[in-house]
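Chain P is fixed; fit chains Y and G with the ligands onto it per the hints.
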Amino acid sequence: MVRIDKIYTRTGDKGQTRLSTGEQVPKWHPRVAAYGTVDELNAAVGVAALEAGSDMLARIRRIQNDLFDLGADLATPDRGRVLEWTPLRIIATQVTRLEEEIDAMNAAIAPLDSFILPGGSRLAAQLHVARTLCRRAERYMAELASLENEPVNAEALAFINRLSDWLFVAGRAANNDGADDVKWVPGANR
Amino acid sequence: MVRIDKIYTRTGDKGQTRLSTGEQVPKWHPRVAAYGTVDELNAAVGVAALEAGSDMLARIRRIQNDLFDLGADLATPDRGRVLEWTPLRIIATQVTRLEEEIDAMNAAIAPLDSFILPGGSRLAAQLHVARTLCRRAERYMAELASLENEPVNAEALAFINRLSDWLFVAGRAANNDGADDVKWVPGANR
Amino acid sequence: MVRIDKIYTRTGDKGQTRLSTGEQVPKWHPRVAAYGTVDELNAAVGVAALEAGSDMLARIRRIQNDLFDLGADLATPDRGRVLEWTPLRIIATQVTRLEEEIDAMNAAIAPLDSFILPGGSRLAAQLHVARTLCRRAERYMAELASLENEPVNAEALAFINRLSDWLFVAGRAANNDGADDVKWVPGANR
Ligand code: B12
Ligand code: B12
Ligand code: B12
Ligand SMILES: C[C@H]1O[C@@H](n2cnc3c(N)ncnc32)[C@H](O)[C@@H]1O
Ligand SMILES: C[C@H]1O[C@@H](n2cnc3c(N)ncnc32)[C@H](O)[C@@H]1O
Ligand SMILES: C[C@H]1O[C@@H](n2cnc3c(N)ncnc32)[C@H](O)[C@@H]1O
Ligand SMILES: [Mg+2]
Ligand SMILES: [Mg+2]
Ligand SMILES: [Mg+2]
Chain P
1 MVRIDKIYTR
11 TGDKGQTRLS
21 TGEQVPKWHP
31 RVAAYGTVDE
41 LNAAVGVAAL
51 EAGSDMLARI
61 RRIQNDLFDL
71 GADLATPDRG
81 RVLEWTPLRI
91 IATQVTRLEE
101 EIDAMNAAIA
111 PLDSFILPGG
121 SRLAAQLHVA
131 RTLCRRAERY
141 MAELASLENE
151 PVNAEALAFI
161 NRLSDWLFVA
171 GRAANNDGAD
181 DVKWVPGANR
Chain Y
1 MVRIDKIYTR
11 TGDKGQTRLS
21 TGEQVPKWHP
31 RVAAYGTVDE
41 LNAAVGVAAL
51 EAGSDMLARI
61 RRIQNDLFDL
71 GADLATPDRG
81 RVLEWTPLRI
91 IATQVTRLEE
101 EIDAMNAAIA
111 PLDSFILPGG
121 SRLAAQLHVA
131 RTLCRRAERY
141 MAELASLENE
151 PVNAEALAFI
161 NRLSDWLFVA
171 GRAANNDGAD
181 DVKWVPGANR
Chain G
1 MVRIDKIYTR
11 TGDKGQTRLS
21 TGEQVPKWHP
31 RVAAYGTVDE
41 LNAAVGVAAL
51 EAGSDMLARI
61 RRIQNDLFDL
71 GADLATPDRG
81 RVLEWTPLRI
91 IATQVTRLEE
101 EIDAMNAAIA
111 PLDSFILPGG
121 SRLAAQLHVA
131 RTLCRRAERY
141 MAELASLENE
151 PVNAEALAFI
161 NRLSDWLFVA
171 GRAANNDGAD
181 DVKWVPGANR
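Residue numbers (UniProt numbering), protein chains in the order written: chain P, 1 to 190; chain Y, 1 to 190; chain G, 1 to 190.
The hints are simulated quantities; they were obtained by calculation from the structure and are not laboratory data.
Here the structure is a predicted model, which is why all the values come from computation and not from measurement.
We treat Cβ as the ideally placed atom computed from N, Cα and C, and that holds for glycine.
One should not assume that every hint holds.
In silico contact screen, one side only, chain G against chain P (beta carbon under 7 Å); selected entries [what the hints assert, rightly or not]:
(1) Val169
(2) Trp184
(3) Asn189
25 Å max Cα-Cα, derived DSS-like pairs, lysine-lysine [stated by the list, open to error]:
(4) P:Lys6 to G:Lys183
(5) G:Lys6 to Y:Lys183
(6) P:Lys183 to Y:Lys6
The following block holds chain P by itself, in its conformation from the complex (with noise of 0.2 Å):
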């Protein structure tokens, strides 16, 4: 179990630290910069939970304990060996539980056919920030995967791909079901 109570332990000043294996790495390794930017998708989840009314309050809690349960997941490469504990691993039906939410909200909006201006209302407008980031993370993760001996569960890559998408269409939700969403128009300042 995780044990955090005294903080700063001063051991990381070199630049160097500890993935849940043991393991020591450099900070910046791809795959510390891949849980790193998972924590800041994270971050910038709180935010928007900040402006969300209660429906959207739970699934968002949701989604930030499912990012802990995906840091757990890639701080954990699995490298054939057996360990103490089963690691913690998404699994399918985290990514399908997704896909339902964004059928659910997507029902109800109308198809695009240009993109749209992020921003809107305050929760669209911190759901975009955290799309990005979530797309930003993606690709570190995709990164990480692309890699010899680092490993990268399927499911994860999964996860973060639907995340992106559900974090667009809640954002459209969270601008009265898209109309009052602004499109953009290719050119339109030239």
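Using the frame of chain P, we list chains Y and G with the ligands on its own:
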């Protein structure tokens, strides 16, 4: 024309995606990072917009629209092949419009003999966030441009460089034309 | 002394820039990324400041000032050559001040047996954003320090490491001394 309806397609779950030209690339490709960071910047601008009065809001909406022109430009590398459509490119007048707006805003603002602490009014604080994201987007664009066979429109680079200066000056304008800005005092806490 | 008046100079439109020493580097140089991310962190701290009461605000303003000391430090690599001025460096007392403030804030806060979901009060939510940006800045600084011929002051690394712990504890303080923090429940939604 862009069509956004079903939103999630699951095709990107393995970490690959496509440019507007149909070219397949990994999601962590520097070009995707560049337009993805422009999207992130655009989301931050959307948060600043929440705090803007009507004149500033009109300017900000124009910039958000231009940022999609920029995204389209970056997503469509000029490989010397003829496309089925005329690619959208940032042009010089989009840069000079920023310069004119900078000059107009800056006229009322006193010069500085030190950096200013980002923050102040809500609008100023969010413009500083956008400013630093703009500079991050610029770093990715400059990195992309430095790679072989990765053309970047010179006007696009000028646009992003000027935009961070626009955001700085707009931030000062939003702090009572700079009168409320707090200056950095080198080494004050030593 | 820094002078900021005309703001835009157009000289950087081709993707090159200069360190404080006059040395020319590409904008995507790891050193520029490091101090650029410190600037981004500083902007996030400026947003948190909007929500702070007077005691916290005083501490935050001190940190913002220190972050410019850090930026100056990073922008001035010690190449063993004599400069025309004494470069500004982060010193140990700036790190110990953070430690003292952490200890003071932490005294009132109960230890944790799990991670906490970022968010809660507006101030806490924004401090978590700043915390994750601080850790990103640390990753870039650590990466820079790992490169050959790219010296980074050891106290600067200690400062940024301690600052993310400061931001964590300040976030707990801003959630009713931790009483309102919501804990992660591993695998709760599976
Ligand atoms: C990865 C990691 C992170 C990541 C990702 C975490 C995630 N899940 O998303 C991120 C970047 C978010 C993070 C952030 C922070 N972290 Co951290 N983190 C870790 C690390 C390396 C692993 C934690 C983890 O996720 N484990 C996986 C989960 C599933 O494990 P678990 O909860 O322990 O449960 C499993 C097993 O332990 C097992 N189990 C449970 N009980 C028991 C008992 C026994 C006997 C056994 C055998 C097994 C077992 O069952 C579970 C199986 O699934 C630990 C160090 C470590 N090795 O534990 C530090 C650590 C917990 N973090 C630490 C700190 C300080 C922080 C931050 C405060 C840093 C900061 N300033 O931002 C923040 C807090 C964030 C928050 N919101 O609360 C410190 C705490 C120091 C202290 N004692 O006060 C630690 C100990 C690192 C250190 N040495 O400095 N962290
Ligand atoms: C690049 C890109 C992005 C980038 C940059 C976009 C930008 N301009 O800044 C970013 C990262 C922002 C982005 C974000 C998103 N995107 Co996107 N994006 C694309 C991509 C690859 C190209 C879009 C583009 O900019 N084209 C350039 C512009 C100028 O083209 P255009 O509007 O079509 O107009 C030109 C031509 O098409 C031509 N033209 C116009 N009409 C016609 C008709 C004919 C017959 C012809 C020949 C030519 C023509 O004239 C114009 C000439 O200048 C498309 C896929 C694709 N190949 O179209 C996906 C795509 C549109 N995106 C998609 C999605 C899902 C999203 C996001 C929702 C993802 C997310 N969860 O965040 C967001 C939405 C953002 C928002 N705010 O609305 C999906 C939509 C799926 C669906 N059907 O629902 C697509 C189709 C990709 C996919 N297959 O999954 N995207
Ligand atoms: C590094 C840097 C940054 C970094 C980091 C700065 C930091 N400290 O954190 C960051 C990324 C934050 C930054 C941001 C910006 N910057 Co800047 N930055 C610089 C740079 C390269 C060095 C500044 C610095 O930190 N120096 C170190 C400190 C300690 O030096 P100092 O204050 O001058 O004091 C020392 C010495 O100068 C000496 N000294 C003092 N007085 C005197 C006098 C004499 C005669 C001598 C010999 C010595 C001396 O004593 C001090 C010793 O410790 C300068 C260019 C340059 N070479 O000066 C541009 C520069 C100041 N920046 C510039 C600009 C435009 C900006 C931004 C507005 C860009 C933007 N759009 O975001 C922002 C403003 C941010 C803000 N909040 O105010 C321009 C200003 C142009 C103008 N005249 O208007 C400059 C001149 C670069 C350029 N040519 O374009 N910047
Ligand atoms: C909508 C468009 O965004 C691009 N794309 C797909 N995944 C990401 C990501 N994680 N970050 C940035 N851009 C992405 C692709 O080009 C896709 O077609
Ligand atoms: C003001 C100073 O900021 C630095 N600089 C110039 N462009 C960028 C950027 N995109 N990101 C971060 N720093 C930058 C240079 O060192 C310049 O002199
Ligand atoms: C709490 C955990 O966070 C990780 N860690 C340490 N420093 C950083 C950083 N700058 N960014 C992201 N993660 C970090 C380590 O794995 C540590 O144990
Ligand atoms: Mg996707
Ligand atoms: Mg510039
Ligand atoms: Mg640390």
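Comparing the hints with the structure gives:
no., hint, in the structure
1, Val169, "holds (6 Å)"
2, Trp184, "holds (4 Å)"
3, Asn189, "holds (5 Å)"
4, P:Lys6 to G:Lys183, "holds (17 Å)"
5, G:Lys6 to Y:Lys183, "holds (17 Å)"
6, P:Lys183 to Y:Lys6, "holds (17 Å)"
The structure shown violates none of the earlier numbered hints.
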